[in-house]
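Chemist: Sequence:
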Amino acid sequence: MATTTPHLEPNLTGFRINHRTMRSDTRRLAELLSRVAAGQLAYDRRRATALRTYLRLLCDGIHHHHKMEDEVLWPVLQRSAGAEIDLRELSDDHAALEPVLDEVRVAADELVAAFASGSSEAGRARTVAGRLAGALAQLRDVLDEHIEEEERLIFPVIRRYVSVADWNTVERAVRKGGALRFELPRIERYALPEELDELRKIAGPVLRLMLVALRPGFRRREATVFGG
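Residue numbering for the sequence shown follows my numbering, beginning at 257 and increasing consecutively.
All clues stand as given, with none of them false.
Beta-carbon label-pair distances, calculated as ranges:
#1 415 x 457: 17 to 27 Å
#2 419 x 372: 45 to 55 Å
#3 351 x 461: 34 to 44 Å
#4 296 x 335: 47 to 57 Å
#5 379 x 431: 39 to 49 Å
#6 413 x 379: 50 to 60 Å
#7 296 x 409: 33 to 43 Å
#8 351 x 407: 11 to 21 Å
#9 433 x 280: 14 to 24 Å
#10 264 x 291: 43 to 53 Å
#11 420 x 365: 37 to 47 Å
#12 450 x 379: 39 to 49 Å
#13 459 x 380: 42 to 52 Å
#14 386 x 264: 44 to 54 Å
Quick list of in silico lysine to aspartate or glutamate cross-link-like pairs, DMTMM-like style, CA-CA up to 20 Å:
#15 432 x 326
#16 323 x 359
#17 323 x 349
If you're looking for bench data, these hints aren't it; they were derived computationally from the structure.
Since this is a predicted model, take the numbers as computed values, not measurements.
For every residue, glycine included, the Cβ atom is placed at its ideal position computed from N, Cα and C.
All chains should be built: construct the whole structure from the sequences, respecting the hints.
Modeler: Listed below in structure tokens is the structure:
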């Protein structure tokens, strides 16, 4: 989720939370699949199917976020800051992440198929879970490095050079293609209390109402995937 800001300078709260959400969820999922692969966590077809849906939404969200950076934010930065910033390495990171996202999607499909084959394929399911854990660990590591570098490089430039109007255009583009039922409850999970307070002030009562509506379904899916 991104927020339209009334601030005198671009409000980066939404982007910062979005980045933290991607990193935290990827780390959490890599740990989960490592436990499944090691036989430390009971898993079955139902849970694997819920996991596949979760991973597809996660991968789609990461892809959309990077696509909007490439197509909307980068042109704004180049127009506003010009020679002050070189975005080529960040764009290269986006391209390099796509095969990793594809590997996560494929391994998630194969995990469902392995569990669907029954107890005779339990060993295969653990093997596939290990491959999925590896892909998620790779995604985690690349995202960590990429996001840390991106925030170090572009956040000061955004604050200094980008107008509030241009930043709001970027945030609307990011928000437009997101899966709100998935993204919004995850933002609630990973945002700091003071960040949530700020989002509530900006969004007004609509944010509270949307969370009330979306939270139960998300938590059921989350419980199926992660347990608890």
